[in-house]
Amino acid sequence: MRYGYSGKILRVDLATHKVWTETLSEEFYRLYPGGKALAAAILLQELAPGVDPLGPDNILILANGLLTGAPFSTATRFSAVARSPLTGGFGESEAGGFWGPELKLAGWEAIVMTGRSAEPVYLWIKDDQVEIRDARHLWRHDPEEAQAVIRQETGEKLARVLQIGLGAENLVRYGSLTNELRHFNGRSGMGAVMGSKHVKAVAVRGSGKYLDAAAEAPPLSEMGRRLAKAVKEHPSSWDLQVRGTPGLTAGLDAAGILPTRNFRQGSFEGVDGLRWETYEKELLSGRRSCFACAVRCKREVKVDDRYQVSDSYGGPEYETVAGFGSNCGIDDLQAVAKANELCNRYTMDSISASSAISFAMECFEHGLIGPKETGGLDLRFGNAGAMVACVEMIARREHIGDLLAEGTRRAAEAIGGDAPLFAMHVKGQELAMHDPRGKVGVGLGYAINEAGADHLTAVHDPMLANPDSLSFKGAQPLGITEALPPRELSARKAANYALMENWNSFERAIGLCFFGPTPRSFIPVDDVLTAVTAASGWEISAEDLLRIGERATNLARLFNVREGFTRRDDTLPERLFQPLENGALAGVAIPREEFEQTMTALYQLKGWDPLTTVPTRERLAELGLEWAADLVGVQPGQ
Amino acid sequence: MRVHLGGHLSWYDPQKRAWLELNQGGPIALLELVHRLGVPPAEIAVATVNRRAVDLETAVAANGDTVEFFTAVGGG
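From first to last, the protein sequence lines are chains W and B.
Going by this note's numbering, the first residue of the first sequence is number 1, and it counts up by one from there.
Going by this note's numbering, the first residue of the second sequence is number 1, and it counts up by one from there.
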């Protein structure tokens, strides 16, 4: 008997417009209980190596976790997974909002899309009824408009709509997905993959109830009530509710790790224009939440001043504030909010888009590109108007925007000269707005993550630096025993990193938000265990949870190995091995030799060959992944 | 003296204030200041006095100074 999940996968062949249902076994689901884990297993098994990420043969998987849609705070996430058009490797991105829970209530664990439709379509899913509908009239229309039309056509005012906008339709390689206009699978270009398949949207409405399928409903109900109150009783979740991520900006500047002018600097003289107090005064119009979540970390903004910013697409998160703000040398938060609105309207990842523009600004200032390429824009650091105009150019693929839409790695190769030194990416995916020179574990994560630079690969070092802190104590049940300085590179740091990578990977598999569980926030490990057991009926330990995360990461690694990735790809941009120019950490660089030694220790801890980064067959066998070893050709002793 | 409790540190203030105006008789050690404010030092990752990063263990501040305390940032 299965509990907490239906086991049903919706298969969609877009070339023939056929749909069918596949049912997963309990044995399979227990090893890969959704999200990243489930999607990675399917992708590795079914995608032939070397396919064009934007061609019809790529596979796009949208996968819920076991807990997605459970009625307690932060159980909202689903994963989008495919071969990434940005990196050519494992592509992965999670989102909250309402779409994943609605899909769960409609009775589906995942959707697997193959092929390409001849004409634009949208999927309409109402419980077990699935239709592929004409979307030619929606193509090129903004998400707000498309969502309204889809709800009218389906007669469901509460249909949850996952969709793409102009940027993803134009195959901007960091095209994103949006649901409810405000929640994004931002990274890895999953929106571009959906655009390449000519799928405008996936609308869903479900009539099920999560608790009806749970092994034991009362513990989940009790947890929902208790956690709703606990949000205000824990400092971190309370802060997320009051300020959200935009509250981070001033602290990172003070610490000397606020990415500024394309990561040359760690402190921005215009930070007062970007900090929370300015955000609250100039932008804030309200707060929103995801499904059943009391944290309510989402900011709403509206501006009618220097810029007009719609309140339909959500407010900028910290990453976007730093990306379009300090990292472009811009202190005008209204301009940042406008750039954010455009990224959300056109469904483009604001981290990659802003990084592409700061890269272009540095190229412009070095004379590698000029007004001829920029369509007349004076694309210098600090020019807010040019920055906003450049976002439009990327979405429409006009002038320099056409090149920047390819991502910084490809743009740098095309521009040539010193441009590759200005391209801040790993494996082709742009760095998030956290400078590893002040928290080196983030650098380990940027380097090793199979999807390229990602700041949520593991919890950040400062949270595990003080043994008396709430976050350190919260991580102890996971096996964290040593508090380590944020800039220490060592085998001990690799051990802490590996544990926290497995934990974050587990969160991505199970459908929990990074802002729920400890050590980042307020849900203790015991509650996570209770939730998994109550939902599924499985007796499970913290170690088991970590193995779920580790198993998923190994599948992603094997995917990359098969695509030809090597240790050379697990590195950082050269700039991070050079000293910061200003701020509290002026003169600080990542020591290259210690970094490489720590990476070697990390591979050994993971049971991967340090030279090739291929997981050993023995380690794969321990994780129950012999089938994957066979598939990729990992031999004993290799 | 202006004091900023950045990030989740303002949770520890009974009125949940992020900014406080304090009138100190004389210079005060930052550790003593956070003790009086009821903020656990273990939650503070960065301290600044007049925008300069300082050592929480040894720094002092006086009337007229702006003191800011920030938490460890865990991503987001």
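Among the clues, some could well be false.
No farther apart than 27 Å at their CA atoms in a straight line, the calculated lysine-lysine pairs in the DSS-like style are these [claimed, not checked]:
{"hint": "1", "chain 1": "W", "residue 1": "K229", "chain 2": "B", "residue 2": "K16"}
{"hint": "2", "chain 1": "W", "residue 1": "K126", "chain 2": "W", "residue 2": "K18"}
{"hint": "3", "chain 1": "B", "residue 1": "K16", "chain 2": "W", "residue 2": "K232"}
{"hint": "4", "chain 1": "W", "residue 1": "K157", "chain 2": "W", "residue 2": "K209"}
{"hint": "5", "chain 1": "B", "residue 1": "K16", "chain 2": "W", "residue 2": "K157"}
{"hint": "6", "chain 1": "W", "residue 1": "K126", "chain 2": "B", "residue 2": "K16"}
{"hint": "7", "chain 1": "B", "residue 1": "K16", "chain 2": "W", "residue 2": "K8"}
{"hint": "8", "chain 1": "W", "residue 1": "K209", "chain 2": "W", "residue 2": "K126"}
To be clear, the hints were calculated from the coordinates, so they are not data collected in a lab.
Here is what the structure says about each hint:
1. W/K229 x B/K16: Judged against 27 Å, a Cα distance of about 17 Å means the pair holds.
2. W/K126 x W/K18: Judged against 27 Å, a Cα distance of about 16 Å means the pair holds.
3. B/K16 x W/K232: holds (11 Å)
4. W/K157 x W/K209: holds (19 Å)
5. B/K16 x W/K157: violated (39 Å)
6. W/K126 x B/K16: violated (45 Å)
7. B/K16 x W/K8: violated (47 Å)
8. W/K209 x W/K126: holds (14 Å)
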